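Per this note's numbering, the sequence shown starts with residue 2, numbered consecutively.
Hint data in this document are derived by calculation from the structure and do not stem from the laboratory.
All figures in this text were calculated on a predicted structure; none of them were measured in a lab.
The beta carbon of each residue, even a glycine, is placed where N, CA and C say it ideally should be.
Check the hints yourself; a few may be wrong.
Straight-line C-alpha distance at most 25 Å; calculated PhoX-like pairs for lysine-lysine [unchecked claim]: (1) 371 x 383; (2) 383 x 311; (3) 371 x 311.
Pair by pair, the computed Cβ-Cβ distance ranges are [unchecked claim]: (4) 387 x 216: 46 to 52 Å; (5) 270 x 244: 30 to 36 Å; (6) 390 x 249: 47 to 53 Å.
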Amino acid sequence: MTTTNTPDAIASTGYRLRLPGPTEVPERVRQAMARVMVSHRGPECRTAIGETEDMIRPILGTTNRVMFFASSGTGLMEAALVNVVEPGSRILVIEHGQFGERFTAIAKAMNVTVDTVPIAWGQAIDVAAVAIRLREHAYRAVVVVHNESSTGIVADLAALGALVRDQPTLLIVDSVSGLGGIAMRQDEWGVDIVVSASQKALMCPPGLALASVSAKAWRVIEQAEGRSVFYWDFRRALKSAEQNETAFTAPVSLVYGLREALMMMHEEGFANVLARHTRLSGALRAGGAAFGLADFCNDGPRSSTVVVFKVPDGLEGGAIVRQLYQDHRTVIAGARNRLSGRVIRFGTMGALSAGTILTDLLHLEDALAKLGLPIEPGAGLKAATQHLAATT
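Let the sequences and hints guide you as you build the complete structure.
Written out as structure tokens, the structure is:
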């Protein structure tokens, strides 16, 4: 008997994936992934990898070679560290949310010294505090999350890059939930290693990740000793990238999917893609504010790819998540960390439109009203529509 949780049933009942990743995969991308399987070492796959690399370079803001891996984003977070640290290395991790703490956890498993710059969740990174810490030790790397999807805060990479540009210290950045929806100018900003993954603003399923490495970082990678690395070895990956291949088996279908997604982004115009993300996330924030939902972020810059609302007093975040799914098949996120029950999170990344945001607000109004929050009917839609009109 068919249940409501089968793929066919999900498609027929209006399932809406509104998480901050994985995100909805456009039909064009799904069709591209459904093409006949080809050899991962054959000319067809090499062509797809080469074209994908060419199209993602301007989105990264780099002229570097881009290396692809069959991996989640966390795998490339580990890869970014394991290629440059060795026993005795010291790194500085900026912790301004859950994924900064994940970077710390990964680093501590590598027998290196890990210092942290703790930032109150929801606050902007204190670049001056980072500068002070950099004067205390000779760090191998400063490590930061570009777009902290647990809080909705974006790191000022230009300011952080300026701190280390003329120093031996590297700047390592996780842009898993930022790349494709928030500007990245790797070369201009002095970012030495950027890692990202396919399932967020790049509009693909999970499973394909990438890294872009600066000349400065390559010098460290080539000179480092005592590293224990095999699958994640950037040197091996670079040699393969120079042949438009991956070092190990490529996720062929995902490569075709990412190539199609990047075609869509370039057809729209990447400046337009970024502007759309900014406009739509702003509309959702405006609509939420009309319901009395405060933005979790106390500072800017705020994310264009995830909106994080504080849960009003008397409500619990999980109840809102469940009500939206139960009544509308709309899937948003709560929190699986210290903010559990205190926030709800919407993804505002990938293939979304004004209609997506207005539907979110319509469903959210209904859920909040059923949970007892006094709401002026239509207030969210009105505020969002006004924002959209003012930012066209």
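Hint check results:
{"no.": "1", "hint": "371 x 383", "result": "holds, 20 Å"}
{"no.": "2", "hint": "383 x 311", "result": "holds, 21 Å"}
{"no.": "3", "hint": "371 x 311", "result": "holds, 18 Å"}
{"no.": "4", "hint": "387 x 216: 46 to 52 Å", "result": "holds, 48 Å"}
{"no.": "5", "hint": "270 x 244: 30 to 36 Å", "result": "holds, 31 Å"}
{"no.": "6", "hint": "390 x 249: 47 to 53 Å", "result": "holds, 50 Å"}
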